[in-house]
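J.: As a plain string of letters, each chain reads:
There are 2 protein chains.
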Amino acid sequence: MATPKPHIAITYCRLCNWMLRAAWMGQELLSTFAGEAGSLTLIPDDTGGVFEVRVDGDLVWSRGEQGRFPEITELKQLVRDRIAPAHDLGHADRGHGDSGDG
Amino acid sequence: MATPKPHIAITYCRLCNWMLRAAWMGQELLSTFAGEAGSLTLIPDDTGGVFEVRVDGDLVWSRGEQGRFPEITELKQLVRDRIAPAHDLGHADRGHGDSGDG
Numbered sequence: 000m001a002t003p004k005p006h007i008a009i010t011y012c013r014l015c016n017w018m019l020r021a022a023w024m025g026q027e028l029l030s031t032f033a034g035e036a037g038s039l040t041l042i043p044d045d046t047g048g049v050f051e052v053r054v055d056g057d058l059v060w061s062r063g064e065q066g067r068f069p070e071i072t073e074l075k076q077l078v079r080d081r082i083a084p085a086h087d088l089g090h091a092d093r094g095h096g097d098s099g100d101g
Numbered sequence: 000m001a002t003p004k005p006h007i008a009i010t011y012c013r014l015c016n017w018m019l020r021a022a023w024m025g026q027e028l029l030s031t032f033a034g035e036a037g038s039l040t041l042i043p044d045d046t047g048g049v050f051e052v053r054v055d056g057d058l059v060w061s062r063g064e065q066g067r068f069p070e071i072t073e074l075k076q077l078v079r080d081r082i083a084p085a086h087d088l089g090h091a092d093r094g095h096g097d098s099g100d101g
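Line order of the protein sequences matches chains S and Z. Letter by letter, the first sequence follows residues 0 to 101 in numbering that gives the first Met the number 0. Letter by letter, the second sequence follows residues 0 to 101 in numbering that gives the first Met the number 0.
The reader is advised that the hints may include incorrect statements.
[To be verified] Now the in silico label distances, taken between C-beta atoms and shown as ranges:
id: 1; chain 1: S; residue 1: Gly66; chain 2: Z; residue 2: Arg93; range: 41 to 49 Å
id: 2; chain 1: Z; residue 1: Asp57; chain 2: S; residue 2: His90; range: 29 to 37 Å
id: 3; chain 1: Z; residue 1: Gln65; chain 2: S; residue 2: Ser61; range: 37 to 45 Å
id: 4; chain 1: Z; residue 1: Gly47; chain 2: S; residue 2: Asp87; range: 26 to 34 Å
id: 5; chain 1: S; residue 1: Phe68; chain 2: Z; residue 2: Gly47; range: 44 to 52 Å
id: 6; chain 1: Z; residue 1: Asp87; chain 2: S; residue 2: Asp92; range: 48 to 56 Å
id: 7; chain 1: Z; residue 1: Asp45; chain 2: S; residue 2: Arg20; range: 37 to 45 Å
id: 8; chain 1: Z; residue 1: Glu64; chain 2: S; residue 2: Gly66; range: 21 to 29 Å
To be clear, the hints were calculated from the coordinates, so they are not data collected in a lab. Just so we're clear, the structure is a prediction, and the values are computed from it rather than from any experiment. Ideal Cβ positions, reconstructed from N, Cα and C, are used throughout, including at glycine.
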């Protein structure tokens, strides 16, 4: 276990009141990747409309680029691919990612 | 606004299932210190019973040292004293910190 565990960061638009959303997604990630994630950082930002997720500094989601928020299932898949490729996300991997489960 | 905003970190015992508690307290701090806090990091840890809060790396609460969790009001006061001494916490500063408000 000498390898540092990955750090996940969510930057959210504070003025848009997206703290609760960012915190919810963060807790989902901490729950799903318990034992795999090293930390989860929430970063309030005054940039209008910003919602970005990074793993060890690498951008895995940008609302500005994608034009929308991630579904929680697809966010988990993106994070999983980075930090725990062998981690089976269950029905989230076998469905269409639209159920909110996983 | 060139001064970096303070970073708050909560290290919690993952095996004790304290993620929700840590996330709740973290959100309380982000809400109360909106515009003053730079980030909030949740750090799962496998050390039994650990619950520590740091501001810019300085320990402001340790369950191991104090023998208990902080009340949310006293935690806000401790963090306030570090990051925004002039920030009036309202009735939390005038009551006995046992109301859960503030």
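J.: Find the hints from earlier in the document that the structure breaks and name them by number, from lowest to highest.
T.: Those not satisfied are hints 2, 5, 7 and 8.
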